[in-house]
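Q: Protein chains in written order, with our numbering: chain A, 7 to 383; chain B, 7 to 383; chain C, 7 to 383; chain D, 7 to 383.
Simulated from the structure, these hints should not be mistaken for laboratory data.
Only a predicted model underlies this, so the values are computations on that prediction, with no experimental measurement involved.
One or more of the hints may lead you astray.
[Stated by the list, open to error] Reference listing, derived: stretches of chain A covered by chain D, where coverage requires no fewer than 3 residues with Cβ under 8 Å from a Cβ of chain D:
1. 16-27
2. 305-312
3. 322-335
[Claimed, not checked] Calculated from the model, a selection of chain A residues having no Cβ within reach of chain C, i.e. all distances over 12 Å:
4. Ala-70
5. Thr-285
6. Lys-293
[Stated by the list, open to error] Below, simulated BS3-like cross-link-like pairs (lysine-lysine); rule was C-alpha separation at most 27 Å, straight line:
7. Lys-266/C with Lys-293/D
8. Lys-45/C with Lys-266/C
9. Lys-159/A with Lys-217/A
10. Lys-266/C with Lys-282/B
11. Lys-266/D with Lys-159/C
12. Lys-282/C with Lys-293/C
13. Lys-375/A with Lys-182/B
14. Lys-266/D with Lys-266/A
15. Lys-266/D with Lys-282/A
16. Lys-282/D with Lys-282/A
17. Lys-266/B with Lys-379/B
18. Lys-266/B with Lys-293/D
19. Lys-336/B with Lys-45/C
20. Lys-156/D with Lys-156/B
21. Lys-282/D with Lys-282/B
22. Lys-124/D with Lys-156/D
23. Lys-266/C with Lys-266/D
24. Lys-47/B with Lys-336/C
25. Lys-182/B with Lys-293/A
26. Lys-293/C with Lys-282/A
27. Lys-336/B with Lys-266/A
28. Lys-375/D with Lys-217/C
29. Lys-336/A with Lys-72/A
30. Lys-282/C with Lys-266/D
31. Lys-375/C with Lys-375/D
32. Lys-282/D with Lys-282/C
Ideal placement from N, C-alpha and C gives every residue a C-beta, glycine not left out.
Number of protein chains: 4
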Amino acid sequence: MGMIGGGRGAFIGGVHRMAAALDGQIELVCGAFSSNPEKSKLSGQDFYLDPSRIYGSYEEMILAEKELSEDQRMDFVSIVTPNHMHYAPAKMAIEHGFHVVCDKPLCYDMEQAYDLQKVVQESGLIFALTHNYTGYPMVKEAKAMISDGKLGKIRKVVVEYPQGWLSTFLEGSDQKQAAWRTDPKRSGIAGAMGDIGTHAENLVEYITGLKITELCADISTLVEGRALDDDGNVLLRFDNGARGILYASQISAGEENNLKIRVYGEYGGLEWLQMKPNTLMVRWADKPAQMMRAGVGEQAASTQAHMRIPAGHPEGYLEAFANIYRNVAKCIQARIEGIEVDPIYTDFPTVEDGVRGMNFIYKVIESGKSDQKWITL
Amino acid sequence: MGMIGGGRGAFIGGVHRMAAALDGQIELVCGAFSSNPEKSKLSGQDFYLDPSRIYGSYEEMILAEKELSEDQRMDFVSIVTPNHMHYAPAKMAIEHGFHVVCDKPLCYDMEQAYDLQKVVQESGLIFALTHNYTGYPMVKEAKAMISDGKLGKIRKVVVEYPQGWLSTFLEGSDQKQAAWRTDPKRSGIAGAMGDIGTHAENLVEYITGLKITELCADISTLVEGRALDDDGNVLLRFDNGARGILYASQISAGEENNLKIRVYGEYGGLEWLQMKPNTLMVRWADKPAQMMRAGVGEQAASTQAHMRIPAGHPEGYLEAFANIYRNVAKCIQARIEGIEVDPIYTDFPTVEDGVRGMNFIYKVIESGKSDQKWITL
Amino acid sequence: MGMIGGGRGAFIGGVHRMAAALDGQIELVCGAFSSNPEKSKLSGQDFYLDPSRIYGSYEEMILAEKELSEDQRMDFVSIVTPNHMHYAPAKMAIEHGFHVVCDKPLCYDMEQAYDLQKVVQESGLIFALTHNYTGYPMVKEAKAMISDGKLGKIRKVVVEYPQGWLSTFLEGSDQKQAAWRTDPKRSGIAGAMGDIGTHAENLVEYITGLKITELCADISTLVEGRALDDDGNVLLRFDNGARGILYASQISAGEENNLKIRVYGEYGGLEWLQMKPNTLMVRWADKPAQMMRAGVGEQAASTQAHMRIPAGHPEGYLEAFANIYRNVAKCIQARIEGIEVDPIYTDFPTVEDGVRGMNFIYKVIESGKSDQKWITL
Amino acid sequence: MGMIGGGRGAFIGGVHRMAAALDGQIELVCGAFSSNPEKSKLSGQDFYLDPSRIYGSYEEMILAEKELSEDQRMDFVSIVTPNHMHYAPAKMAIEHGFHVVCDKPLCYDMEQAYDLQKVVQESGLIFALTHNYTGYPMVKEAKAMISDGKLGKIRKVVVEYPQGWLSTFLEGSDQKQAAWRTDPKRSGIAGAMGDIGTHAENLVEYITGLKITELCADISTLVEGRALDDDGNVLLRFDNGARGILYASQISAGEENNLKIRVYGEYGGLEWLQMKPNTLMVRWADKPAQMMRAGVGEQAASTQAHMRIPAGHPEGYLEAFANIYRNVAKCIQARIEGIEVDPIYTDFPTVEDGVRGMNFIYKVIESGKSDQKWITL
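Sequences are here, hints too, so could you generate the full structure?
A: This is the structure in structure tokens:
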């Protein structure tokens, strides 16, 4: 794996490195960790890299690695830069034959999104988008329960993602994360809706198997001086007639990272909280609720395949993130060996999910500015 | 106290009787428990009433009690009939000089609501509406914290009220509660929004002290054949600029009676769940969250005044309901004795809250049918 | 009902009055609320009693009420005095033909206990001891599950009762509850073990249907200057070979009233917390855990018979306490009418439970002072 | 790092490998993964090792690695074999100058324990014992709170470790974990008390800073045919006069891995659950309880140093385990570089903790067989 971005002082780069390292299947062999070559060099040393493979730019890295023999060069790139810096390196990597793992959202705007989709589709290469919350075992279990019809027809969905870290004008300080995530030049047209609203959108469609068809949004900037939205409340309608609510907020003071989803069908409802990820509550209309715990009792094959340790030994955010990397590694390995891969391992978000997420961002921002009640997605 | 409605087979009548009895301040002395005189008689016997004070109709009761001496006759009536049967007995009771405790929503339609408001205001009598959830001690504490400014300016509110008991076409069976609550002739223009949506609306305005100014609703009937709404999702805007979500549902299969409210201000957020009523979670932007428990540590005078037993001895729904009756009793007693009553005890929902609730019902149903995004409340 | 004790300033008297009043089946008609006749008088006025039936002593009350006609006089007495004042009024009431409801523990010492048992047994009258925690619906459900064999043979039990209110030398202030409960002259030989340890002992035997046969205790006084124990840890062995732990503490600073029981059998374990009384967690060895909620799904007849309102409307401490009074009222009513009473309603703690509790107190205190490992109960 | 044990089919070996890999500071360079050389070879291939460094025995590995140049050879060994196979490889590794990370308990018997302690002390090398639960951030916070005196003098401690996985005679099947852990020849004199009781003992002394001075145990084998204990209840006394309870069980059917500790001091109590590891509840005698969450508000430097990602992104068992490896790596790195290491990173369990744990096992088993009430530790 070669990494683009994620040098000293970054947040998500370290997450990607830990996620990639956890299972001993992926080795970080090179990187262009910063647009500042000196900083890239220092970061690469932190990771014990061969100095010759610490690059000053992603272009340099892609071209140099391409020159190495197949068994020497990196198998894929991991892109962990801010949103406006996803498109160019992703496209170049794909065009030079490298698989890609890319942080979310897919890119900066719709034009980039559609172009990237086209490039990836034509290449036939692997492109994984790290909507990491779909990597949790009990999210797999929830998805399996619903697709097996255990809840009956889905009628109502509530997905919420409150955070509180932008309750103050943090971008006015030198906090690097706040600075770029609230900056339209780097983040794109949306703030909270792009940063975490898309996670909620991706999760709800992943778990339910439904598609959002219409939405009606109230998008706000509640902290004075902020350039992008920091709170959004959205009514949803789904392709099967189900109704729903999605909200994302970064000014819900006191909230940590409280992604939560509830899905109600004819026979019962389920509830999953990211902050208690190993539990899936299932409440039935006419029998006792079940507190399903990862690893307890019979569970879906996909659930089991995304756990590493027995029940009661909590697995968390990094493990779920690592599941995406592990699956990508399995798929790349299978291609190298020319074998089929179990469909359990092809289950990670792709460029199509990325385009859908970008489209959601655009529609939700459009709705926030519109007097029209329903916007078609 | 004289009761109107609440005979054998009813639900909420028994709740009112227990709530009234709990503190030993109120005695049930008479009743017209059913429009069927025979059934009224049998019900009255269940409550050990003097046979001469078990009446065949509310008109009979009001007229007969009026004839009794002041120290003999009932002090107030408690109206626990279905919605369409609130207005007439309430008006007649008021017009004959009796205070009234009335179940919610206030009445059947807006016309009745405005007329009842006028009659009550002119009479100067006490009219209490049993939005019982405001009677919980930790709801009082939440209200006090916000009005004391501890959370700073309120920015975001989420109130939700999912139930699952109408997940099937229960009104097709002989379930009495389902029958009238889904019947436009008895319930009014709304189903879930009238039955429980108004509780949510009342609670959110009570706790925050804010007023809803605009709303945008998606109102649905998700169980086939049902005559009224059974699910509604509503975007809210408040008079101070805060944004919010309100939803109420009776088809959220597996949910019991899961009223929950979250309020976020500049400095922190609070969360209260009706099903864990003695706890108030308060999360702060930059210090550890507090799990406030009824009776632990220093709390508002209004909180303490609505508790009966020490911390750790759970008080529930009936106790909260009883707080409304206890306060009404205190106010009536004070009038009888010609003394001032501590403002803590005048804190119960009134006819004005009832009119506001009816207005909410009308606007939310109107919004549900409209293509206009925002409706002014 | 006539009450002995429970005048102004008392704690448990008010609880008994509310519990008795809740269901509208029991009327407080007389009382000797204090050994101080003036205070008794004032207290009786608080409860709107006929002045002629507010007595200056329990002896006076029992004799005077005995003179009234059967349909006039009290049906039973409720004894809510400190421990050392249970025996004499209970015995006199029984000897004059009145049923008794008595607060726990049964009395002051073993001699009184055995004598009271004898008197009650000979009289054939009803004697209920308010080990109120057995009145909770989900405690009934737990008992039913175990007696139905759903957990298989019981192997392990953990019952704990931590409180924190005596973490300081509160008896040094004028706190009335602390004063008598830590005073050997009024409380008996035990402090925490008598006050709450007996509740734990009663609950564990009630739910499991097992008997404690041996115990080994470490009994401590951890607050300096205190005259009785404030913390006790006890190893238990049961008659079927199961092992267990019981602990009770009043110096567990920060704890409210955290009675909790866990019972493990061959197939699964259950867990009930007094502070979340409407939930019973059942964890199975090889299938998902069930979060059983009062009123959800099929439940034991005894569970249902001890609920008043539908699922999701929390019932608490007073309701559980009221279940004992309601059952006593049903039994007395049945005797008056000369009919059989459903065994569901005879399910309340009796003088035998009281003797067993006193015995437990004596043995646990003996063990605390002994070098011998196991003491037979 | 070179690994001893942990080949295909093992459990804890994989945990150690993931824990070591997570932070990118430690590389697995060699191993003797099984006493079966063929199996060792296959396992080593799974981890992409250089075939020349996959050894057929630990003796071969230690000798061969010793021959490599300092910058080539492994820096330390990780021992992940069953208990009876800890001592010999640990001693040999130390004697050949390799640091050691060893799974718990320390070894098979007391004789080995004392000898190993002597060898390690004389060598001056690093010896880390993976009592991994002390690696959790909120365990660090709990320890810091207590040592800072925030709870006042500690009076009462309850530590419990229920599991249910040995509720049946699992060792009668071919379950490898059950087989050796219930076998006196491989596990030592204790079953549950050695496997998890020692974790509880280690955790309680670590967090409180107190030493257990006396204990009184009831040790049982509740599943028929089992050769070692599967349940134990223990009364504890500490060196400062505090009282406590420790219990460990592997027959608590339905329990996963429910390690929990509560510590009560003069001013408040804290509670930590391994299955909700990012939360530390602190309840105060006279103010609202605090729900402390990893990363929220000001926390101890040691807490922060053992977190990798922001609040709300759950870290779990592997991350806590990885903290021990990360600290060991920091210490080894510091020795290589000849620099001082921050005391935060020397905070991991050592051979002394291991000897103390072995002593606890011996005393608790002795107490279980004794009629003497208190045994001195």
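Q: Taking the minimum C-beta separation from Thr-285/A to chain C, is that value above 12 Å?
A: Since the minimum Cβ distance to chain C is about 9 Å, Thr-285/A lies within 12 Å and the statement is violated.
Q: Does Lys-282/C lie within 27 Å of Lys-282/D when you go C-alpha to C-alpha?
A: Holds, at about 19 Å.
Q: Take a quick look at whether Lys-266/D and Lys-266/A sit within 27 Å of each other, Cα to Cα.
A: holds (26 Å)
Q: Between Lys-47/B and Lys-336/C, is the straight-line Cα distance small enough, at 27 Å or below?
A: holds (22 Å)
Q: For the pair supplied as a hint, Lys-336/B and Lys-266/A, confirm whether the alpha-carbon distance does not exceed 27 Å.
A: violated (44 Å)
Q: Is the straight-line distance between the alpha-carbon of Lys-282/D and that of Lys-282/A 27 Å or less?
A: holds (8 Å)
Q: Verify the proposed pairing of Lys-293/C with Lys-282/A, using a straight-line Cα cut of 27 Å.
A: holds (20 Å)
Q: Are the Cα positions of Lys-159/A and Lys-217/A separated by 27 Å at most?
A: holds (14 Å)
Q: Are there three or more residues in the segment 16-27 of chain A whose C-beta lies within less than 8 Å of some C-beta in chain D?
A: The restraint on the segment 16-27 of chain A holds, since 6 of its residues have a Cβ under 8 Å from chain D and three suffice.
Q: Lys-375/A and Lys-182/B: Cα distance at most 27 Å?
A: violated (46 Å)
Q: Check whether the Cα positions of Lys-45/C and Lys-266/C lie no farther apart than 27 Å.
A: With Cα atoms ~38 Å apart, Lys-45/C and Lys-266/C exceed 27 Å; violated.
Q: Lys-266/D and Lys-282/A: Cα distance at most 27 Å?
A: holds (17 Å)
Taken one by one, the earlier hints fail for this structure at numbers 2, 5, 6, 8, 13, 22, 27, listed in ascending order.
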